[in-house]
Structures are given as C-alpha cells and as structure tokens.
Amino acid sequence: MDLYILSKRNITMITTGLLLFAATGQAMGAISNPLDSSAFDNKFEWDVDGVYEVAGFDLFKTVLPTVAGGTMVYDTSAFASDYAYFMSSAGQLWETSGVTWETGYTVETRMRVDTMAPEAYPATHVYSFPVGSDKGGFLELSPDKLVWGNKWWAQTEWTLDNSDDFHTFRYAQEPGADSFSLWRDDVLLGSELPGGTLALVRMLWGDAGGSPGGAYEMDYMRFSPGAYSPINEIIPGLPGDFDNDDDVDGIDFLTWQRDESPTSPLSTADLDDWVANFGATSASLAITVSAVPEPGTLMLLALGSLGLLAQRRRTV
375 MDLYILSKRN ITMITTGLLL FAATGQAMGA ISNPLDSSAF DNKFEWDVDG VYEVAGFDLF
435 KTVLPTVAGG TMVYDTSAFA SDYAYFMSSA GQLWETSGVT WETGYTVETR MRVDTMAPEA
495 YPATHVYSFP VGSDKGGFLE LSPDKLVWGN KWWAQTEWTL DNSDDFHTFR YAQEPGADSF
555 SLWRDDVLLG SELPGGTLAL VRMLWGDAGG SPGGAYEMDY MRFSPGAYSP INEIIPGLPG
615 DFDNDDDVDG IDFLTWQRDE SPTSPLSTAD LDDWVANFGA TSASLAITVS AVPEPGTLML
675 LALGSLGLLA QRRRTV
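Taking the numbering used here, the leading residue of the sequence shown gets 375, the next gets one more, and so forth.
I should point out that these hints are in silico values taken from the structure, not numbers from a laboratory.
Keep in mind that the hints are not guaranteed to be accurate.
[Said to hold, decoys possible] 20 Å max Cα-Cα, derived SDA-like pairs, lysine to any residue: (1) Lys509 / Trp526; (2) Lys417 / Arg486; (3) Lys519 / Thr533; (4) Lys417 / Ala429; (5) Lys519 / Pro492; (6) Lys519 / Thr477; (7) Lys417 / Tyr594; (8) Lys435 / Ala582; (9) Lys417 / Thr477; (10) Lys417 / Tyr501; (11) Lys509 / Thr477; (12) Lys519 / Gln529; (13) Lys519 / Arg484; (14) Lys519 / His541; (15) Lys417 / Gly444; (16) Lys519 / Glu531; (17) Lys417 / Pro604; (18) Lys509 / Gly444; (19) Lys509 / Leu574; (20) Lys417 / Glu427; (21) Lys509 / Thr571; (22) Lys509 / Pro549.
Just so it is clear, the structure is predicted and the values come from calculations on it, not from any experiment.
When you get a sec, could you build the whole thing from the sequences and use the hints?
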C-alpha cells in the first residue's frame, strides 16, 4: 500500500491509528445465501376465491378474512375487540416442518397494509418462535412504518409507505444464533437484529387482538428451514465506504489517504462521511452496535494525517 509518510516515526503514528480503526470497527454480517421464496418448503397462496383455510394453521377470528382476486383480505379496524389471525403451535406444521433454531429459517410475505384502526398499533404482525430456543422473529407492520420487535423487546423501526402498493417482507434467522436479517422489496434494512423472547413454539400472522388492528391484503405467506437472502438483494450504499466492501473502516481511510475517494482527491466532504459513519456497515442502516471511537479522536487522527500529507507535498 502507498502510505504518505516521511519517517519511521510517522509510520508508527499512522500505523497505530489504523490499527485502532481496524480493532474498533466491528462489521456486522448479513445473511448471503440467495433463494427465491417460490422454492420454499411451505407456501400459502390465495389464488382461488373463497378459500381462506391454511393447512397446519388454526384460524382464530371474530371477523372472517375473505379471499378475492388472489389475495386474502383482513379488516379488524371497526372495533378494538375484533381479531383475525392464523397460528401454528406445538405439534402443528410450524413444529413439524423441519424449522429449528439450529437450522435457521426464513419467512416471506407479500402484502399491502391499507389502514390502521384509531388508537391501534400495529395494523398487523408476523412472529415466529422455532423449536430449540425461546428466541424468535417479530415483525410489525402499519401503513407508514415497519418495526422489528415490539413494546416488550428492543425495537428498530423504519418509516416506509406500506399502503401505496404490495410490498415483499422477508426475515431470516442465522442458524443457531440470535441474529436476524430483514429485507423489504429485496432491500436489506438490517442484519444482526436480535430476536424477541417467548417460551412457546409458535408461528402467527394477522391481528392477534390487543393493540393491533387494521385492514390489509396478503398475497402469500411462505417459510422454510434455512437462512436465505433474496435472489435480487439490494444493499444500499454507505457514505464513507470508499472501497465498496459494505463497511466503513480503516481501509477506507487508507483509500481516502491515497487520493482514491470518490468526490475528489483528499475531499473534506469524503472525510466527513468517513468520520460520521466509521464502524457502520451497509447492513446496519437502521441500527449501530459497533464500538466506535469518539468522533473527536477520529478527526484528530485524520487531521494529523492531513498534516503529514501536506508536508509531503511541500517537500516533493
């Protein structure tokens, strides 16, 4: 690597700083194992009008879902006491499908969330707790928001329009780990998301009563053992990731230092992006759990390098 240095002392200064960056920037890994959900082991499609039964799941309701135009339509927005949800418990399909904590699993649904009842939240939810652990996934959806977790567990949320059209939601559990990745329309929203806790083997979707309530249309529900990413996964870009390896670390600082950052040689704007996002990954857009040095420390180290570069250029 081309380091802009003047002496052994300066080599020590720069190397020490970069080692600090590398040690404290902890990249968070997303699941990367592409599989289209049409190949999942368990698929529930509502392509036949009037059919709302789901084999291996029980329907609990005060309001009956209807099927029209290939989608299942739920509406529990009229009364707070209304509910309609499908649940598979111990001894049913969810337990006998081969899904366990050790295999990991993936859940995908395609739906449009039309409305949310007054004073309700969310409009609907999907949750799943496999054999072998009391940890599981919990996804809440409303017309303008997507939330991972609920009020009893740590929550991560994204402001998104889920009412404008049908959207595809997928989450996957890393085999044997309390680590989930989450996608919407193939776009990775987060990884290494923690699961919630429930001492039951259970998969559920819909309005299970209590606080949820609303109207939504579901095209399908699919799940399978194994942790799978979408075939056409999109990982949003991350400012400060100059080498495009999905994290912002000391190597990106070296890239900037070598005049190879995207804006212009030694761009202060690029440096600001690096300082602001150091330790993050493009898979962690909504959350940051990395151990990151104080911004002032990063800036001092970066400015020190700028001084060395300026001195080098004056002596060339």
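For each hint, the structure was consulted:
1. A distance of roughly 13 Å separates the Cα atoms of Lys509 and Trp526; the hinted pair therefore holds under the 20 Å criterion.
2. For the given pair, Lys417 sits about 18 Å from Arg486 by alpha-carbon distance, which is consistent with the 20 Å threshold.
3. Between the alpha carbons of Lys519 and Thr533 the distance comes to roughly 5 Å, so the proposed pair stays at or under 20 Å and holds.
4. Straight-line distance between C-alpha atoms of Lys417 and Ala429 comes to about 10 Å, which keeps the hinted pair within the 20 Å bound.
5. Of the supplied pair hints, the one linking Lys519 and Pro492 holds, its CA atoms being roughly 15 Å apart against a limit of 20 Å.
6. About 30 Å separates the Cα atoms of Lys519 and Thr477, which puts this hinted pair outside 20 Å; it is violated.
7. For the given pair, Lys417 sits about 7 Å from Tyr594 by alpha-carbon distance, which is consistent with the 20 Å threshold.
8. Between Lys435 and Ala582 the alpha-carbon distance is near 9 Å, which keeps this suggested pair within the 20 Å criterion.
9. Only pairs whose Cα atoms come within 20 Å are accepted, and Lys417 paired with Thr477 is accepted, the gap being roughly 18 Å.
10. Between Lys417 and Tyr501 the alpha-carbon distance is near 16 Å, which keeps this suggested pair within the 20 Å criterion.
11. At most 20 Å may separate the alpha-carbon atoms for a hinted pair to count; Lys509 and Thr477 meet this at roughly 14 Å.
12. With a CA separation close to 12 Å, the supplied pair Lys519 and Gln529 stays within the 20 Å bound.
13. A distance of roughly 15 Å separates the Cα atoms of Lys519 and Arg484; the hinted pair therefore holds under the 20 Å criterion.
14. With a CA separation close to 12 Å, the supplied pair Lys519 and His541 stays within the 20 Å bound.
15. A hinted pair counts as satisfied when its Cα atoms are at most 20 Å apart, and Lys417 with Gly444 qualifies at roughly 14 Å.
16. Of the pairs offered as hints, the one joining Lys519 and Glu531 holds, with about 7 Å between alpha carbons and a cut-off of 20 Å not exceeded.
17. For the hint linking Lys417 to Pro604, the alpha-carbon distance of about 16 Å falls within 20 Å, and the restraint holds.
18. The hinted pair formed by Lys509 and Gly444 fails the criterion: a straight-line CA distance of about 33 Å is larger than 20 Å.
19. The straight-line distance between the Cα atoms of Lys509 and Leu574 is roughly 9 Å, inside the 20 Å bound, and the hint therefore holds.
20. For the given pair, Lys417 sits about 13 Å from Glu427 by alpha-carbon distance, which is consistent with the 20 Å threshold.
21. A C-alpha spacing of about 5 Å is found between Lys509 and Thr571, which places the hinted pair at or below 20 Å, so the restraint holds.
22. A C-alpha spacing of about 12 Å is found between Lys509 and Pro549, which places the hinted pair at or below 20 Å, so the restraint holds.
When each numbered hint is compared with the structure, violations occur for hints 6, 18.
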